[in-house]
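> For this one, chain A is given, so just place chain B on it according to the hints.
From first to last, the protein sequence lines are chains A and B.
For the first sequence, the working numbering gives the first residue as 1, with consecutive numbering after it.
For the second sequence, the working numbering gives the first residue as 1, with consecutive numbering after it.
You may find that some hints are simply not true.
To be verified - The calculated DMTMM-like cross-link candidates involving lysine to aspartate or glutamate, where the alpha carbons are at most 25 Å apart (straight line), are:
id, chain 1, residue 1, chain 2, residue 2
1, B, K105, A, E3
2, A, K424, B, D108
3, B, K12, B, D96
4, A, K424, B, D96
5, A, K291, A, E242
6, A, K424, B, D98
7, A, K135, A, E16
8, A, K445, B, E37
9, A, K445, B, D38
Claimed, not checked - If you anchor each label on the Cβ, the simulated ranges turn out as follows:
id, chain 1, residue 1, chain 2, residue 2, range
10, A, L18, B, L172, 19 to 27 Å
11, B, V169, A, G194, 26 to 34 Å
12, A, T334, B, F31, 48 to 56 Å
To be verified - According to the in silico footprint, chain B covers these stretches of chain A (three or more CB under 8 Å from chain B):
id, segment
13, 173-182
14, 390-403
15, 447-457
The set of hints was computed from the structure by calculation and includes no laboratory data.
C-beta atoms are modelled at their ideal positions from N, C-alpha and C, and glycine is treated no differently.
The primary structure of each chain is shown beneath.
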Amino acid sequence: MWENLMLGFSTALTFENLLWCFVGVLVGTVIGLMPGLGSTTGVAILIPLTLGMEPVTALIMLAGIYYGAQYGGTITSVLISTPGEAASVVTTLDGYQMARNGRAGAALAIAAIGSFIAAIISLALLMALAPPFAKFALNFGPVENLAIIILGLVTVVSFAGGSMRKGLMMAAAGLLISTVGVASGFSDARFTFGNVNLLGGIPFVEVMIGLFALGEVLHQIRVGAAAPIKARFKDMVISRKELFKSGPSIIRGSFIGFLLGCLPGAGSTLASFMSYGIEKRVSKNKDNFGKGAIEGVASPESANNAAANANFVPTLALGIPGGGTTAVLLGAFTIYGLQPGPLLFEQQPTLVWGLLVSFFIGNVMLLVLNLPLAPVFAQMLRIPYAYLYPIIVLTSLIGAYSVSNNMFSVWLVVIFGIVGFFMKELDLPIAPLVLGLVLGPLFEKSLVQTSALGQGNFGILFQSPISVTILILALLLAVGPTVIGKLRRTQGNKSKGLTHV
Amino acid sequence: MTRSITGANLRKAVASLIIAVIGIAAVIGGFGYGFIEDGRIAAGFLPVLVGGAMALFALLDVVGSFRTSEKESTLLETAQVEAVDTLEPAPERESDLDIYGRSSKQRDRMLLMVIGIMLATVLLVPVLGFIVAFALMLIVIAVVVERRRLLPSILVSAIALAAAYGIFVLFLRVPLPTGILGI
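So that you can see chain B by itself, here it is in the shape it has in the complex:
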């Protein structure tokens, strides 16, 4: 029995395919380190074993994600079914808006912005130093992504950074990277 291919199923199948490719690559790489030497397992044994298992289960998952007849359960799934099957469904949100009235599309955009800001922050650490780069990150996320007012955002960021500085630099003596400003 097959079911119609939804976008979510397709995404999951593509992800499993990528995992299968990584598994196969691990098997190939693993054989390069040696599989069995002098009757004993060599450095490549575990990579071959787990890479193969990864590829096998990932490919089974690709096939299984388009089939319903091969339904299999885990212990937790069985317990979950047991617990909730006779209950009314839990209350769901009436729309995809969160409490701030943001739609899922807006939240997706925010997610991409946060990932971008995070990557930019880590890239800027060698130039600006850890503290300055992260101060900028906190303020930019609060003001630009979350559209919070500037003053409270600066205040919260300053308190968070001061606490982090106190704990990690003063108390734990972690030498955070400094930048062109010397901090």
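Next comes chain A alone, as it looks inside the complex:
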């Protein structure tokens, strides 16, 4: 463990890696607070820029964008009640109310402090748990891998919100898109319609840029902009009493966030909502929730940051992304020629530990940046969106072109941008589609291997105790929420004295 940590520090503390880590967290913060941009979009747009870098440096920067955006997303949640990140949605409830009461600075400060503490706790847990997890996963064969992928798909559907059938529909759509082109192990070109550009499949980065960047821009144009509330330097002072009051919420949020973030497919959004719900039940200050309770900011902000780090447990140890952004990062791994999964810890220790240690360094940078500078970042909300979104369009399309120096990529981004817009308009969740697309090739490979092992009989899935356990967990995740929801409604109706006829 110590050897690995030293290896990580020696990798992360090189001048080049420190510089790109700083660039990542700074750009991430800015991306998180810009309307129409989020960590997934930011990472997707910036992957083309990293193609000439060392993989470890590129991943340090991209990961910095990911957790930096969590900090930035908070600023917009508090100041304009418009979350830059889905994981910051719940922060709007109390954060925006605090801002309306003239406590914007305190809300931003506790979010930064809570996020930092959560990051440190979750990183320590990540470093302790991911390697043994990966070691255990080394025992996994195609059957267990197939079960894990099914678990990931089910979790992401449940994580995505909206109805289960919409999530499943989009996960299937993602898997279907992944079948375009010539798959490894087969000689047939599928769904290419004679287009040679499609022989290699529909490229991942272009789809991500289209769905997230362009789709969000078009959506924002339709939604329109909201006016920001001013945050001042002198408001950033947080009282010792407030800090003390938030302590337990931060700790609870960190652990809830970590636990949920570890689930393959679950994301930080779920963690932030769950921690807020639990905090609202256990807090001594529960009457103030929704009216500007500082715990209502501290808890979900800690949870979403802890979950963002915990997302790397399934991503690095199993090769199954924890959420939308880690799905894009997983795509980046494959672009750099790396295969995330249990072997990564053995084959690429410098990369894995350098990346993990860079999270520590990045979070220290973020705290130093965010505590005094949040009001400065907040000024960026005043940049007119009219100037901002054409630049996002330019960056998206030029970035897409640069991936393979091909106008076909540009067209793909435009097409998927329009698809992404309609998905938002029609409340179709994007995350399951992304996960389906990312996991498609892996899913098909596991299907082929499992079918070969069972000589066409998929009953083999139920012969391994590990795969059965994983499938039961998937079933619980799929059915559990509906059952809980029905029970809640029945109880609610009973308490209102209603009976079904």
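Frame of chain A; chain B shown alone:
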């Protein structure tokens, strides 16, 4: 139990129907690539499986979008309900006007214009070159769609293009397509 058919519900149902048709087409196409060969799955297996699943869930969604009795929840939905059910509703905008005083109809028009401009830009790249086509796109969006003043719009566009050119062409050496002007 059924609820009245709103425009939004109808749009969503039509979208799900289209997705169902795509799913069915994938199943048909998938069978053409082979489903099981020599006891092992063939190239069409996954398209048939996921196309079928897509069509099935899309059709269930069409039915479900007009019914309230089959309410089902996801984990996130349950957590959201848990988190916000006892709270007062979040502050909503008093009208559909944004901070620039534009109505939703105006914003819809802007959206169509931006999509049109974007498509025209990509079509013009082979003729005008990447840089010129996108310079025009930036200026047209700022001045025509967003009604910003010409000079600041040109300035912002020039800075954005110079930064993009510096990063992608000079630093990353991406050979952007050139047009009749040679740039």
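> All hints, please: hold or fail.
Quick rundown of the hints versus the structure:
1. K105(B) to E3(A): violated, 62 Å
2. K424(A) to D108(B): holds, 15 Å
3. K12(B) to D96(B): holds, 22 Å
4. K424(A) to D96(B): Given pair K424(A), D96(B) holds - Cα atoms ~18 Å apart, limit 25 Å.
5. K291(A) to E242(A): Holds - the C-alpha atoms of E242(A) and K291(A) are around 15 Å apart, at most 25 Å.
6. K424(A) to D98(B): holds, 19 Å
7. K135(A) to E16(A): violated, 31 Å
8. K445(A) to E37(B): OK: K445(A) and E37(B) at ~16 Å, within 25 Å.
9. K445(A) to D38(B): holds, 17 Å
10. L18(A) to L172(B): 19 to 27 Å: holds, 22 Å
11. V169(B) to G194(A): 26 to 34 Å: holds, 33 Å
12. T334(A) to F31(B): 48 to 56 Å: violated, 30 Å
13. 173-182: holds (count 4)
14. 390-403: holds (count 10)
15. 447-457: Three-residue rule met by the segment 447-457 of chain A, so holds; n is 6.
The structure does not agree with the numbered hints 1, 7, 12 stated previously, though it agrees with the rest.
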